[in-house]
Amino acid sequence: MTTIQVYLEEGFDHDRVVVTSSDSQHTEPDVTTRHQVGLASVVELDSAPGAPTTVRIALPERGLTTELEIDPATTPYVRVNVTDGALRAVPQPAPPMFA
Amino acid sequence: MSIDVERSSGHKSDEQYRSARNATAEVTDVPELLSEGYDLPDSEEARGRTPFPRLPTPISIPPFLLRRSGVYRLARPIVLPPQPRVPTPVPTPIPIPPIDLPGAPHAGNGHLAPGTGAAPHPEEDHADAAAVGPVLPPITPLFGTEELRVDVDGVKPTMTVSGTITRLFGGRLTWIARVTQDPATGAWIGPISYRDGTTSLRPQATVSVKLTGGPFLPTNRRATATFSGGTGSTVTYTYGYQKAAFRDVAFEYDTVSDATAVTSHNPTSHPNHAPSSPTSMLTVESAYSRLGFAVTKTGGDSVIPVPPGTAWSDQEMHDAMQAHWSRWADAPQWAMWVLFARLHDMGTSLGGIMFDDIGTAQRQGTAIFSDSFISQAPAGEANPGPWVERMKFWTAMHEIGHGFNLAHSWQKSLGTSWVPLANEPAALSYMNYPYNYPGGLDAFFAAFDYGFSQDELLFLRHAPERLVKMGAAPWFDHHGFEQDAYDHLMAAATGPLELDLRVHREPRFEFLEPVVMELRLKNVSSTPTVVDEHSLEGDGLSIVVARDGGETRRWLPFARYCTAPAPRVLQPGEAMYSSIFVSAGSGGWLVTDPGTYTVYAATEAIPGTGALSKPLRIVVERPASDGAERLAGEVFTQEVAHVLAFGGSRVMESANDTLRELSERLPESRAAVHANAALGAPKANDGKVLIVDDSGQETMAVVPAQPDEANELLSASLDDFDRAADALGHIAVTEQTLRLASVLEDAGDASARSDLLSESADALARRGVLPGVVEELRSH
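If you read the sequences in order, they're chains G and D.
1 is the number of the first residue of the first sequence in the working numbering; add one for each residue after it.
1 is the number of the first residue of the second sequence in the working numbering; add one for each residue after it.
Bear in mind the hints are in silico, worked out from the structure with no lab data behind them.
Errors might be hidden in some of the hints.
[Claimed, not checked] Pairwise CB distance ranges, derived in the manner of DEER restraints:
hint, chain 1, residue 1, chain 2, residue 2, range
1, D, Val306, G, Asp84, 18 to 28 Å
2, D, Asp442, G, Ala86, 46 to 56 Å
3, G, Asp71, D, Asp330, 48 to 58 Å
4, G, Leu68, D, Gly347, 20 to 30 Å
5, G, Asp23, D, Tyr435, 27 to 37 Å
6, G, Asp84, D, Thr199, 28 to 38 Å
7, D, Ala447, G, Arg16, 37 to 47 Å
8, G, Thr83, D, Ala443, 18 to 28 Å
9, D, Gly440, G, Leu68, 17 to 27 Å
10, G, Thr65, D, Asp330, 36 to 46 Å
11, D, Thr199, G, Leu68, 48 to 58 Å
[What the hints assert, rightly or not] Which chain D residues stay away from chain G? Per the calculated CB distances, all over 10 Å, these:
hint, residue
12, Arg222
13, Pro275
14, Gly299
We treat Cβ as the ideally placed atom computed from N, Cα and C, and that holds for glycine.
Using the sequences and the hints, build the whole thing.
Shown next, in the form of structure tokens:
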């Protein structure tokens with residue numbers, strides 16, 4: 001198994017966040033952005049190696065959902081932001097940096 | 001609060017200002033460099049365009065000598081306005097005629113004379129109204145100070161003038177005006193577009209500031225500000241130059257034993273740097289200093305021993321801050337703790353964090369992680385050493401910026417900002433992530449001049465202090481406000497005199513016990529100073545009593561004395577003293593119910609120079625008996641207050657009856673000490689009284705002394721001398737002792753008189769009274 005890291009960054013305010021991949025699901029019950037680092041939480045998902053997988057992020061109470069297909073071998077990091085009332089997820093090859 | 005800060009008008013670049021100043025100023029000589037300049041021409045760009053020419057003359061004045069930005073303060077920091085005429089609501093032993101008191105210096109039309117630094121005195125408008133009954137003047141202008149922040153030149157000027165008006169109990173106002181220079185007059189003019197606090201303290205709409213004084217003597221610099229328009233009349237104040245830095249702050253660095261600290265960096269050490277970046281070594285302190293902060297270091301760069309490989313949680317760092325920071329306090333203060341640790345428990349993705357969002361006073365602690373991504377230069381980086389040093393330095397500056405309440409550049413519009421702000425994702429600021437900058441990290445550092453954005457500088461230099469200061473926060477506004485104001489005023493009240501408000505006992509008072517305090521005004525300088533002999537009793541003295549959870553009220557004396565100036569030389573270490581009956585004044589009783597009270601005093605012993613006491617906290621205990629509680633209604637009357645304040649009365653029989661009842665019912669109380677003293681003192685001597693007959697005719701009569709009764713009452717008052725000294729204070733108990741000694745002398749009881757003086761002197765000596773006072777009493 002390989003690991004996908006989903007970075008829940010800006011725009012979260014006591015949200016319940018459900019993150020799923022083909023092989024696992026994780027729920028964060030209370031996600032809030034810490035503005036001094038621009039990060040709320042990091043969710044790790046298991047994924048079968050060698051094949052693309054679909055990652056789905058949902059904020060059920062706000063009716064927001066987005067999904068993207070990533071290749072864990074090349075872009076195992078996903079940055080997720082709530083911007084202008086929408087969820088935006090971007091895959092990355094390297095972990096994002098915060099300060 | 002009104003918010004309308006203009007965001008960009010009137011801005012000029014550093015370069016424009018340096019060029020403009022050099023183009024217009026020429027002198028024939030150049031003095032030694034001044035040490036205070038934080039705007040040294042430190043960039044290649046600036047150095048290249050504004051070289052210091054050699055002789056022959058004329059030559060340009062270096063920009064840092066011409067900079068006039070900084071903090072100016074009213075020349076007269078503590079404003080003590082004349083009190084209104086005080087009515088005489090009850091008969092007094094010797095009627096006090098109304099007195100016309102001198103007002104503040106005016107230039108006419110309600111405008112203050114330039115240079116006085118005095119505030120308008122709205123109380124004067126109430127003077128006539130006082131004739132119809134007791135009137136408490138508004139507290140507003142009691143103790144106050146005012147500073148003006150001028151930000152029109154130097155490094156990254158925001159073309160702003162702002163001010164903070166502080167009144168100890170009358171509120172505070174921060175106002176901001178974006179200004180442009182009038183080419184005709186040279187004055188900096190702009191509308192006041194932001195106000196936070198008590199807007200009535202400065203209702204005018206526009207400010208015009210004229211800066212005067214030569215470049216070589218900063219102490220001669222003045223800012224003359226005229227406020228006009230709006231709902232207030234035009235006023236002009238003159239402020240004296242105080243300092244170049246807009247804020248003063250202290251940083252303390254501690255390093256974990258398995259981590260490395262980076263607190264300095266030379267921007268030119270990496271070939272990819274902006275032409276406008278500083279060319280010399282920057283430390284964290286100097287980097288903030290050049291942007292307008294006076295930074296001092298505290299502590300000793302301690303090392304915190306831990307097992308190698310330690311990762312830190314926010315709570316652990318907060319605990320370490322409490323244990324290792326020499327300045328730790330859960331309270332607002334201009335100070336910050338910076339920890340250099342190896343790694344946060346979040347891992348290498350976190351380069352640093354302002355971890356202190358824990359507890360009540362937040363934003364006091366930051367951390368930088370030396371083994372995080374900031375120590376990992378990208379593959380192929382030709383200068384990995386300078387790259388890492390630069391990232392670590394940037395991170396330290398960035399995290400400290402969060403401590404100043406600065407958000408990330410792309411977060412400006414989030415939450416509740418102090419003024420409407422727009423996101424600045426492309427800002428060349430310490431608060432932006434270089435790796436998120438358009439074009440990436442290399443593009444960022446190719447243009448970064450090691451500063452903050454204009455909006456950020458506006459906030460750092462001019463926003464209300466409570467929004468910027470570490471440990472304070474918007475929700476903390478009301479809480480702790482008075483202490484904050486007091487700190488400001490204490491800082492402003494510099495001079496050779498120290499005012500001490502005190503009691504010579506534990507500051508706990510029995511219910512019904514009159515509160516008497518003593519004032520000491522001491523020359524704490526090394527040279528003699530001239531003061532007014534009446535500083536502790538005349539118009540120059542102001543006292544405020546604040547009850548926790550209750551009202552804050554100004555103490556007003558029953559009697560006003562119109563005296564000619566009486567200069568007195570206070571030698572170094574010498575002091576003058578007075579005794580004050582604080583419980584009540586002409587405005588009524590201030591200390592009655594059980595609870596905690598805070599008392600402040602200020603005096604203007606030297607014209608233009610104030611002295612402010614430290615606050616004295618006292619506690620009034622609950623009634624010790626039902627009898628005490630039942631007497632309260634009779635004791636807390638204006639007549640009884642009057643008798644106690646004057647030390648007795650020959651005509652106010654109702655009040656005397658109450659004091660007799662108090663003495664009989666509560667003979668062991670300290671209140672009985674006061675009652676017996678007030679009853680006995682008028683009987684010790686003959687005294688004049690005003691008699692009004694049935695026809696309304698006023699005649700003066702003399703009431704003869706009653707020495708036996710005086711002896712009995714004063715002896716009862718002084719029977720337990722320590723209790724009497726606790727209750728009356730050292731000054732008043734000495735007076736009563738001398739009064740009783742005089743009665744005994746008149747009665748021919750030399751032995752009793754000698755014993756009284758000797759025993760009283762011994763007791764006062766035990767209580768630490770000055771030897772001279774003790775010996776004077778003993779040998780009287």
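A range of 46 to 56 Å was offered for this pair. Does it hold for the Cβ distance of D/Asp442 and G/Ala86? violated (31 Å)
Lying within 48 to 58 Å: is that true of the beta-carbon distance G/Asp71 to D/Asp330? 50 Å Cβ-Cβ, so the 48 to 58 Å window holds.
Tell me if the beta carbons of D/Gly440 and G/Leu68 are separated by a distance inside 17 to 27 Å. For D/Gly440 and G/Leu68 the Cβ distance comes to about 23 Å; the hint holds.
Just tell me: holds or violated, for the beta carbon distance of D/Val306 and G/Asp84 against 18 to 28 Å? violated (44 Å)
Can you tell me whether the CB distance of G/Thr83 to D/Ala443 sits inside 18 to 28 Å? holds (23 Å)
A range of 37 to 47 Å was offered for this pair. Does it hold for the Cβ distance of D/Ala447 and G/Arg16? holds (42 Å)
Falls inside 36 to 46 Å, the C-beta gap from G/Thr65 to D/Asp330? Check passed, 43 Å falls within 36 to 46 Å.
Grab the minimum beta-carbon distance between D/Pro275 and chain G and tell me whether it stays above 10 Å. holds (26 Å)
Regarding the assertion that D/Arg222 does not contact chain G, is the least Cβ-Cβ distance greater than 10 Å? D/Arg222 clear of chain G: closest Cβ-Cβ about 41 Å, beyond 10 Å.
Taking 20 to 30 Å as the stated bounds, is the beta-carbon spacing between G/Leu68 and D/Gly347 within them? holds (23 Å)
Hint check for G/Leu68 and D/Thr199 - Cβ pair distance inside 48 to 58 Å: Given range 48 to 58 Å: holds, Cβ gap about 52 Å.
Confirm or reject the statement that D/Gly299 sits farther than 10 Å, beta carbon to beta carbon, from all of chain G. holds (23 Å)
When held up to the earlier numbered hints, the structure conflicts with 1, 2 and fits the remainder.
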